[in-house]
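Chains A and B are the protein sequences, given in the same order.
According to my numbering, the first sequence is numbered sequentially starting from -9.
According to my numbering, the second sequence is numbered sequentially starting from 38.
Rather than coming from a laboratory, the hints here were simulated on the basis of the structure.
Treat each hint with caution, since some may be false.
[As the list claims (entries may be wrong)] DMTMM-like mimics (lysine to aspartate or glutamate), calculated; alpha carbons at most 25 Å apart, straight line:
no., chain 1, residue 1, chain 2, residue 2
1, A, Lys56, B, Asp283
2, A, Lys209, B, Asp588
3, A, Lys10, B, Asp589
4, A, Lys183, B, Asp589
5, A, Lys187, B, Asp588
6, B, Lys514, B, Glu86
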Amino acid sequence: MKVLVAVKRVIDYNVKVRVKPDNSDVDLTNVKMAMNPFCEIAVEEAVRLKEKGVATEVVVVSIGPKVAQEQIRTALALGADRGILIETEEKLESLTVAKLLKAVVEKEQPQLVLMGKQTIDSDNNQTGQMLGALTNMAQGTFASEVAVDGDKVNVTREIDGGLRTVALKLPAIVTTDLRLNEPRYASLPNIMKAKRKPLDVTTPADLGVAMTSTLSLVKVTPPAERQAGIKVGSVEELVEKLKNEAKVL
Amino acid sequence: MSKLINQKDLEFLLYQVFQAEQLTELPHYSEHDRTTFDGILNTSSRIAEDYFAPHNAKADEHEPQFDGEKVSTIPEVKEAWQHFADSGLLCARHRYEDGGMQLPSLLHMAANAYFMSANPSTAGYPFLTSAAANVIHAFGSDEQKATFVPHMFSGRFAGTMALTEPDVGSSLGDLTTRALPADDGSYRIKGQKMYISGGDQDITENIVHLVLARIQGAPQGVKGISLFIVPKFHTRADGSLGPRNDVQLAGLLHKMGYRGTTSTVLSFGEKDDCHGYLIGEAGKGLMYMFKMMNEARIGVGLGAAMIGYRGYLESLDYARNRPQGRSPAEKDPLSKPLNIVEHTDVKRMLLAQKSYVEGSLALCLLAARLVDEQEAGENADSGILLDLLTPVVKSFPSFYGPRANDLAIQVLGGAGYTREYPVEQCYRDNRLNPIHEGTHGIQSLDLLGRKLWQHNGKGQQLLMARVQATLKSAQGKEQLSELTASYQKHLNTLLQTTMALGKALQSGQVSAALGNSALYLDMMGKMVIGWLWLEMADKAIDTFGASAAEDDQQFLAGKLQAARYFIRWELPEIEHQAKLLAGFDDTCTTMNPDWF
């Protein structure tokens, strides 16, 4: 069984995010980048499936600038077999990503597509669902457990108030939640081996996908800084302030 | 931010100051690139944070126990060991054919930094094992290599270095452990060794001791010393284990710090049946061991730097979050207290720590960079410079690391003196470093009595050439003009002092010249660290001067301020030291033991 895993290069979760002075976007100059943590979980799950003998090949795909190869290499060092970079400098939105992934799915014909439920930069939580709609594949989102069983995959989903297990007919799409697994670190020999694993580079044009944008980014602002509090002298003063300043009473 | 190290500082040192990416142009490292380097650092920091740091305090509180038969350590130590071994870090520097990943020393040093900060006593086991395996790999026979090295690299066996004896410490030439030739070509070892770190434990299947001993009939002194492999269990050629060898644990020693690493008294040959295997040629034991020792000395410097670094980060974090007191000008008792990081005297203590520990880390990375240049044959002079600097690399961090930890305790005040906070453990752990692998005093004699004058003083010339290059670059920058001028002045003092001492040595006044060697070592340490601060300041301006990002500007300002602190506050101390040295002050030499 072939497993396709989508990974995204995002700002490292340890980095304090800065906004550009003109509020046009997040400032990424000289900022440390890393693989989206939810994508790491997807890679780990795919590698575990391979170690269990369920998956025969793990293919990692990423979309982004040339440097996104670094994140593919990271996935290869964790145990994926080969990589595909869809190289583009354009800004990506979920629907375009889903269309590009659909093209890869058609070419690669995986039985299972694993991806993070969302990325920590745009926090949309929709690409997996869009890919499901475009490919007509079954989808199991927010997975905390994945068990392949013959031509089905049982996905335990984290939902409000508990867990729901769905059985999906393969091929299927699974998006990962935080509790699915704990990703491993890459051993040193595997970091070196990753350099020799195949990594193909293609472009949106090669895949016949137009990079049309339907969204425009209006403004990015940092969260307001918390103002210092004050001490009030009496209950009366508190009530007065709640009424007249905070206007909550 | 990681509590183990300032990631931005480490990356700045690696990629800007020491140009790690240049190493990938050397054939031996050509398969590496920034991605593999970052991958290794990432793996190291994760293992250090997830498997080493969490039990640092627990291993200190629950020292290894010996019930008369077996030693037991807390289970977390073995788990950490396993992750370290599985990651491939034990043999990272070796060739691909030998299961390594041909990692440059510079990156290896950076990777080790995380472990030394996270948990120096658990890190002791793998570090000793790598070092012992390296000696067998370099000097052992093919059979010895095949029998032991792969199992040490894989983490099945651990390694130790057994030099010290109950009556022989710094003066190894006097050691008494004997080796009697046996009919099968091996030797029977008899004697006692003491303070052997990792000498027994329950972490690995087998322990490979590297033992210094004197073959029967060999001359007295260092020329009669040979090096032997003595396994805890007899080991067959395929690595499988036979019965116990005649090495017994006589007891564990109970230390001030570094408590997670067992410190042992070992008894070899109580039943006259301790099998040992000669490494290389007889009589060359100390020379072989010194290969390991030079590496180990740089490793001690790194450990001291990183325990200091950890204390710095802990005390900085505390100071930023602990509200206490008001500024001297504030008269309103109801005004909001300041976080103590705002108080000038606390800033002084943090600046001193920053200048010691970041300077020390830079020094250790410089040593590693020199190892790389030497090994790659890129620059034969690098080996000569490394030789000169090794006593400084061992000693400056070992002396100033505990001082940094002392200041960290002071920043935390009463809290720092309790075991609820980690800084007192840092201090206790770090206090070992000026003692082992050649004491502070031994290092000072090595520097002043030997290293300065080797190769006709070429090491000094090479160091001066590097210092001058930094001064030249820094002089062109307005922010650094005051510092370079001041540095130049103190540098001249050092050069004159060195000359005076050199003359005295040449004219045979050995005792007078060497009497105050510890002062000289400190002087040299301050000059080297002062130079590295100028170098860091210079490179920080080049790297971040034009950046608009706030954290870049803060990083740059921090480097400049610490350079100012070190050169204005600490460096001038050498003027007084120079007076004592060049005047051959005899206060200590003429002290009569009976007057105490």
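Evaluated hints:
no.	hint	in the structure
1	A:Lys56 to B:Asp283	60 Å, violated
2	A:Lys209 to B:Asp588	23 Å, holds
3	A:Lys10 to B:Asp589	15 Å, holds
4	A:Lys183 to B:Asp589	34 Å, violated
5	A:Lys187 to B:Asp588	37 Å, violated
6	B:Lys514 to B:Glu86	39 Å, violated
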